[in-house]
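Got chain A sorted already, so can you dock chain B onto it with the hints?
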Amino acid sequence: DTGVSQNPRHKITKRGQNVTFRCDPISEHNRLYWYRQTLGQGPEFLTYFQNEAQLEKSRLLSDRFSAERPKGSFSTLEIQRTEQGDSAMYLCASSRDIHNEQFFGPGTRLTVL
Amino acid sequence: DQQVKQNSPSLSVQEGRISILNCDYTNSMFDYFLWYKKYPAEGPTFLISISSIKDKNEDGRFTVFLNKSAKHLSLHIVPSQPGDSAVYFCAASARGNAGGTSYGKLTFGQGTILTVHP
Numbered sequence: 001d002t003g004v005s006q007n008p009r010h011k012i013t014k015r016g017q018n019v020t021f022r023c024d025p026i027s028e029h030n031r032l033y034w035y036r037q038t039l040g041q042g043p044e045f046l047t048y049f050q051n052e053a054q055l056e057k058s059r060l061l062s063d064r065f066s067a068e069r070p071k072g073s074f075s076t077l078e079i080q081r082t083e084q085g086d087s088a089m090y091l092c093a094s095s096r097d098i099h100n101e102q103f104f105g106p107g108t109r110l111t112v113l
Numbered sequence: 001d002q003q004v005k006q007n008s009p010s011l012s013v014q015e016g017r018i019s020i021l022n023c024d025y026t027n028s029m030f031d032y033f034l035w036y037k038k039y040p041a042e043g044p045t046f047l048i049s050i051s052s053i054k055d056k057n058e059d060g061r062f063t064v065f066l067n068k069s070a071k072h073l074s075l076h077i078v079p080s081q082p083g084d085s086a087v088y089f090c091a092a093s094a095r096g097n098a099g100g101t102s103y104g105k106l107t108f109g110q111g112t113i114l115t116v117h118p
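These protein sequence lines are chains A and B, in that order. When the letters of the first sequence are read in order and numbered with this note's numbering, they come out as residues 1 to 113. When the letters of the second sequence are read in order and numbered with this note's numbering, they come out as residues 1 to 118.
Looking at chain A on its own, in the form it has when it is part of the complex:
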């Protein structure tokens, strides 16, 4: 399977704990994006990478959120001191440089109790 993969698929945590999600993009894709989706809404942009460089961060991404793509391949999204409002589906997508079609992974469903 050469699609975008995300792990874990589900994460339940207690408020105040730290969580980390992983995304493996399609191998030849240079751009990697993170989005967040809550119930009844479309995905909202969080941040994106061109290779290992993080080029933009949404104001939705508070100081408790950090994303990395250390070798320009997989990416991690960490949320520190989780809050109940962080409960959402976290989606990763990747695309080629010159094409805008973004291909999404299955997402990580986060529930903060």
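If you're looking for bench data, these hints aren't it; they were derived computationally from the structure. Model, not experiment: these values are computed from the prediction. Mixed in with the good hints, there may be bad ones.
[Claimed, not checked] Simulated crosslink set (DSS-like; lysine-lysine; CA at most 30 Å straight-line): (1) A:Lys71 with B:Lys54; (2) B:Lys54 with B:Lys68; (3) B:Lys71 with A:Lys57.
Chain B alone, transformed into the frame defined by chain A:
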């Protein structure tokens, strides 16, 4: 500031008939538009896209129409099939940094739930 809007939360269609899903946008810097389909517990699946230099793009049963003057796009599915039942999102992106958008970032609508009855 909802820059991309899908005003119909749901649409119900009979199998074999046409499904028309609509989307409006406000940011004139958007120049590339996409439609995604999403099943429960899965990520969005890319369906079809259109650049602002075109007003129509067709792929099999799916056709997207773009009316730039009205800032409106629509997705036509003909004929509709029960397997098309899903949530459909339109998304838009721009190629510059003006207007609060940036190249590659997608701005999504709220989605329309399509149900195709056998």
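Practice task
Check each numbered hint against the structure and report the violated ones by number, ascending.
Solution key: 1
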